[in-house]
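A.B. asks: Residue strings, one per chain:
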Amino acid sequence: MADVKTGEPLLSVKDLTVSFKTKKGMAAAVRGVSFDLAAGESMAIVGESGSGKSVSSLALLGLLPRSAEITGSAVFRGEELIGMSDKKLQSLRGRKIAMIFQDPMTAFNPLFTIGDQIAEAMEVHGLASGKEALSKSADLLEMVGVPEPGRRIHQYPHEFSGGMRQRAMIAMAIANKPDLLIADEPTTALDVTIQAQVMEVLADIRGETGAAMILITHDLGLVAGSAERVQVMYGGRVFERGTIRSIFYDPRNPYTQGLLSSMPRVDNESDRLVPIVGTPPSLLAMPAGCAFGPRCQYRGEVCGERPAELAEVGIDHASRCHKGAEIPRWSEVSA
Amino acid sequence: MTDVIENPIVAGASPSIEESQGLAEKSESVGRQAWERFRRHRLAIIGTVVLIVLAAAFWIGPFFVSYGYEEVNIIDRAQGPSWDHPFGTDDLGRDLLARALRGGQFSLRIAIFTAVLATSIGLVMGAISGYFAGVADGAINFVINVLLTLPALVLLALLGREFGARPNTMAVIIALISWLRAARLVRGQVLSLKEMEYVQAARAAGAGPFRIIRTHLVPNLVGILLVEVTLLAGTAIILESTLSFLSLGVQPPDTTLGTLIAEGKSTLDVRPSRVLIPGGLVTAIILSINFIGDAMRDAVDPKSGIE
Amino acid sequence: MFIFAVRRIVTAIPVLLVATFITFWATSAVSNPLDRLATCQTCSQQAYDRLIDLYDLDQPIPQRYVSWIGDFVTGDMGQATSQGERPVSEIFWERGLNTILLAAPAFVLLTIVGAVTGVYSALRQYKFGDYAVTSVSYLGLAMPTFFFGLLLQVVFAIWIPQWFGVKPFWSSGMHLESPYQYLRSVTLPVLTLMFVLLAGDSRFIRAAVLDIKSADYIRTARAKGVSNRKVITKHLFRNAMIPIVTLWSLNAAALFSGSIITETIFSWPGYGRLFLDAAFQGDVDLTMAIALAITVLVVLMNLLADLMYGVLDPRIRYD
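Residue numbers (my numbering), protein chains in the order written: chain A, 1 to 335; chain B, 336 to 642; chain C, 643 to 961.
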């Protein structure tokens, strides 16, 4: 689905690294992440908390605290985002790249009406103002399936239910028809039934606006229906990337396999969920070798010595593992 | 991150930077972690040292000063600082160094006694009002409201004049109006702890209210109460010295720092040191106490955001 | 909202009654107006009888309280025996105005400066400006009001006496001959009165703003493309108004206790010293008039703050 005319990707991230200065030294949250995203494409970034998945997207928009050091490159529609001036970034934010945040409860300012806050997204970019912006807000709410939008725009966030708030959040994100939506755990705070509805709204909206999407989540289950490609992150690095098919049916990385076996699946033949032993590594005390090494059942000597390289294992499919060849295929593991 | 085995898919729904840094904390004992956090506050360490030095001076110092705090010496009266009288003398020729040490001793004693007493009252009141709710809560709340609307300083002054001549009664009087914040803190804690599963389990197992308060709630409150005692000691010194300044506190020949300031006021233009020395001591004590208190609060509750 | 206000005032009445009763009881129990006559050789038995009659000293304190209330609500504020038997109502307004001349500018400045320094400090967290404000605040929190007042006097007596001058300046009191004279006499007392409270206020606002600054909705606003300046002036400041209002009600009560001290140090002819003198001499009528005024003021400020919350925060509704 790459841009037909130029073949240029919408967003091209190369070797993105983010570290934080802390009292105990530098903490590297993201270590050399690269990917291309074509216009209209949907990609998921999956990982546990602390894997660096949210930090990388916040870094793109310059929304990280000043203690963050960002290197590498991220070219969006031909423009470099890293090191871009505040003013230019501001004009992109919410206009060309919009974010949908995790907790709609706290992501809206409690003291302003929903309508005001959606309208503000248009007003700051000079796309509409006053009454017009407000009536457009109502239209947007209608688009995302909020009933009685004309009345709801005058209500405050606390008068919305969680699901409705998340819909309003989506409405706010698409207000300026951005080229790229970054959805950071968009359904984590919601009930399961509401989750499905919200994901459906997101899919519909993308269908209508043609926006590309980066879906950040810890929930592989959410990814299946809503992304074309997946990056699995661990300890700030991409451990495996590939198409939905390859990740779900032919995962090559022990970590991805672990994630899958700890997730309930309809097609899972064994009736037990197998958790991954241990906890994710500290950003300040990364294992010397492979970050997943200490928790990996296949680890060998080399795994403790140096990190593995991300290596192609198939068409549009790569995995970061020293033991690549020795890892059993998923069809054998899950059987 | 105390569970050894976690389902990574379920675990940690909110990926924040803070949290990822939090992963760095090794699982040390709670007390050890609190101490580590306390130690980070350089000012608190300095405050502790200053306080220890001052306390040592107040209690041990008088043995090394050649004059007693009540020793009147008319010939040497109203002198400035000299080798013989480092802080000078007052209008009756009493050595001001000796008096400052005595005053500091009394001020600290009153402060500590007040703080402990007020916190204890607050603990009892807060625990009752949080645990039993209903009528008890309403009644205590009413008392708090009344105390908040009273012209407290004037009442203190009245009671201070009547009963404040002795340091211990002085402390009791100040404590009677200083327990409000402690009560509110405790009440809040109790309300939230009450809903915790382990407390409900204890209740389901038939433990009575006092047993639950003692075995489950009090240990959880120790941290915040320690902080409260510390910060209250600072407030108590301010109140005590204010009352003494209005000549309503400890009576002569005994003295506190506030009294010394009041006595020095009349010669402010010629001998400002008579005000500046005891005032500086008061300020140094409270400053140290506040540094320690803030660091302790940070140590007990890292989320409180005091740096 | 009107109904809420009325209900709040009605529920405040028992609090007021108990609070005034405690003050009445303390004053009557601790100070006996007859003490004043004890050193008076020439005073006749009639003088004693008169005071006993005036204060119903032959009756128990609760009954005296009831009869004081009875007089008060019928508009009889009584006589100030500690002030040459002038009518309380006269002294009450005269001195009250003086206290307002001191406390009102302190209140306004306190609110503004507290908010400005608190917000500034939070926005510059861990930078020089923050450290400067924080250091001064710590010092303020550690200084009793009376000591700070005396410190100001030392500084302005020894170093720059020409500014607020009139030696001995600490008994300079209040001068209203001209606005200039007023400013000259009010500046040091106002500084004294506000400094200690300012420290606490500034810290309080700083903590609140730090909370707001890291709130999710601030990040959302930035992600929408709202400029930093507008994030602060619109989103952050609106939310910071809530803790600022909280301080109003706290300051009102604290300013009064502070003014007792400040007025004593600077010989300001307001309620401060008058209140203490009246209480000590068993001048119940004057004591109670002032005590009631303060109590009512505190209750009203709390009510005002509650009403402001309703205006500022849509989550709070009073109907």
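Worth flagging that the hints you see were computed from the coordinates, not collected in a lab. C-beta atoms are modelled at their ideal positions from N, C-alpha and C, and glycine is treated no differently. Be aware that a few hints might be false.
Negatives, chain B to chain C, calculated, CB over 12 Å [stated by the list, open to error]:
#1 Val400
#2 Gly403
#3 Val407
#4 Ile410
#5 Glu497
#6 Asn503
#7 Gly523
#8 Arg549
#9 Ile559
#10 Ser576
#11 Ser579
#12 Phe580
#13 Asp604
#14 Gly614
#15 Thr618
#16 Val635
Ranges between beta-carbon positions, derived for each pair [stated by the list, open to error]:
#17 B/Met531 x A/Leu273: 39 to 47 Å
#18 A/Glu309 x C/Asn870: 36 to 44 Å
#19 B/Arg549 x A/Ala203: 54 to 62 Å
#20 C/Leu676 x B/Ser527: 50 to 58 Å
#21 B/Gly473 x C/Leu939: 22 to 30 Å
#22 C/Ile742 x A/Gly126: 28 to 36 Å
#23 B/Asp419 x C/Tyr822: 32 to 40 Å
#24 C/Asn870 x A/Gly225: 52 to 60 Å
So, partial list: chain C residues that the calculated Cβ filter (under 8 Å) puts toward chain B [what the hints assert, rightly or not]:
#25 Gly782
#26 Met785
#27 Thr888
A.B. asks: Confirm or reject each hint.
C.D. replies: Hints versus structure:
1. A cut-off of 12 Å between C-beta atoms confirms that valine 400 of chain B is not in contact with chain C; the least separation is 24 Å.
2. Its beta-carbon lying about 26 Å from the closest one in chain C, glycine 403 of chain B satisfies the requirement of being farther than 12 Å from that chain.
3. Chain C leaves valine 407 of chain B outside its interface by the beta-carbon criterion, the shortest separation being 25 Å against a cut-off of 12 Å.
4. Distance check for isoleucine 410 of chain B against chain C: the nearest CB is about 28 Å away, which clears 12 Å, and the non-interface claim stands.
5. For glutamate 497 of chain B, the condition that its CB be more than 12 Å from all CB atoms of chain C is violated, with the nearest at approximately 5 Å.
6. The non-interface label for asparagine 503 of chain B is consistent with chain C: the shortest C-beta to C-beta separation is roughly 19 Å, beyond 12 Å.
7. With a closest Cβ-Cβ approach of about 16 Å to chain C, glycine 523 of chain B is found to remain outside the 12 Å limit, as its non-interface label requires.
8. No beta-carbon of chain C is positioned within 12 Å of the beta-carbon of arginine 549 of chain B; the least distance is around 32 Å.
9. Listed as outside the interface, isoleucine 559 of chain B is consistent with that label: its C-beta sits roughly 16 Å from the nearest C-beta of chain C, beyond the 12 Å cut-off.
10. Serine 576 of chain B, annotated as away from the interface, has a beta carbon of chain C within 12 Å; the closest lies near 5 Å.
11. Listed as outside the interface, serine 579 of chain B is inconsistent with that label: its C-beta sits roughly 10 Å from the nearest C-beta of chain C, within the 12 Å cut-off.
12. Interface exclusion of phenylalanine 580 of chain B from chain C breaks down, the closest Cβ pair being 5 Å apart, not more than 12 Å.
13. For aspartate 604 of chain B, the shortest C-beta to C-beta distance to chain C comes to about 6 Å, within the 12 Å cut-off, and the non-interface label is violated.
14. Not every beta carbon of chain C lies more than 12 Å from that of glycine 614 of chain B, the smallest distance being close to 4 Å; the non-interface claim is violated.
15. For threonine 618 of chain B, the shortest C-beta to C-beta distance to chain C comes to about 5 Å, within the 12 Å cut-off, and the non-interface label is violated.
16. Taking the minimum C-beta to C-beta distance to chain C, about 16 Å, the non-interface status of valine 635 of chain B holds against the 12 Å cut.
17. A C-beta distance of roughly 28 Å is found between methionine 531 of chain B and leucine 273 of chain A, which places it outside the suggested range of 39 to 47 Å.
18. Between glutamate 309 of chain A and asparagine 870 of chain C the Cβ separation comes to about 40 Å, which falls inside the hinted range of 36 to 44 Å.
19. The beta-carbon spacing between arginine 549 of chain B and alanine 203 of chain A, approximately 56 Å, falls within the hinted interval of 54 to 62 Å.
20. Checked against the given bound of 50 to 58 Å, the beta carbons of leucine 676 of chain C and serine 527 of chain B, roughly 54 Å apart, stay inside it.
21. In this structure the supplied range 22 to 30 Å holds for glycine 473 of chain B paired with leucine 939 of chain C, their Cβ-Cβ distance being about 25 Å.
22. A C-beta distance of roughly 49 Å is found between isoleucine 742 of chain C and glycine 126 of chain A, which places it outside the suggested range of 28 to 36 Å.
23. Between aspartate 419 of chain B and tyrosine 822 of chain C the Cβ separation comes to about 48 Å, which falls outside the hinted range of 32 to 40 Å.
24. Between asparagine 870 of chain C and glycine 225 of chain A the CB atoms are about 38 Å apart, so this pair departs from the stated range of 52 to 60 Å.
25. Checking glycine 782 of chain C against chain B: minimum C-beta separation of about 10 Å lies over 8 Å; hint violated.
26. The beta carbon of methionine 785 of chain C is positioned within 8 Å of a beta carbon in chain B (closest approach about 5 Å), and the interface hint is therefore held.
27. Taken as an interface hint, threonine 888 of chain C does not check out: its beta carbon lies about 14 Å from the nearest beta carbon of chain B, beyond 8 Å.
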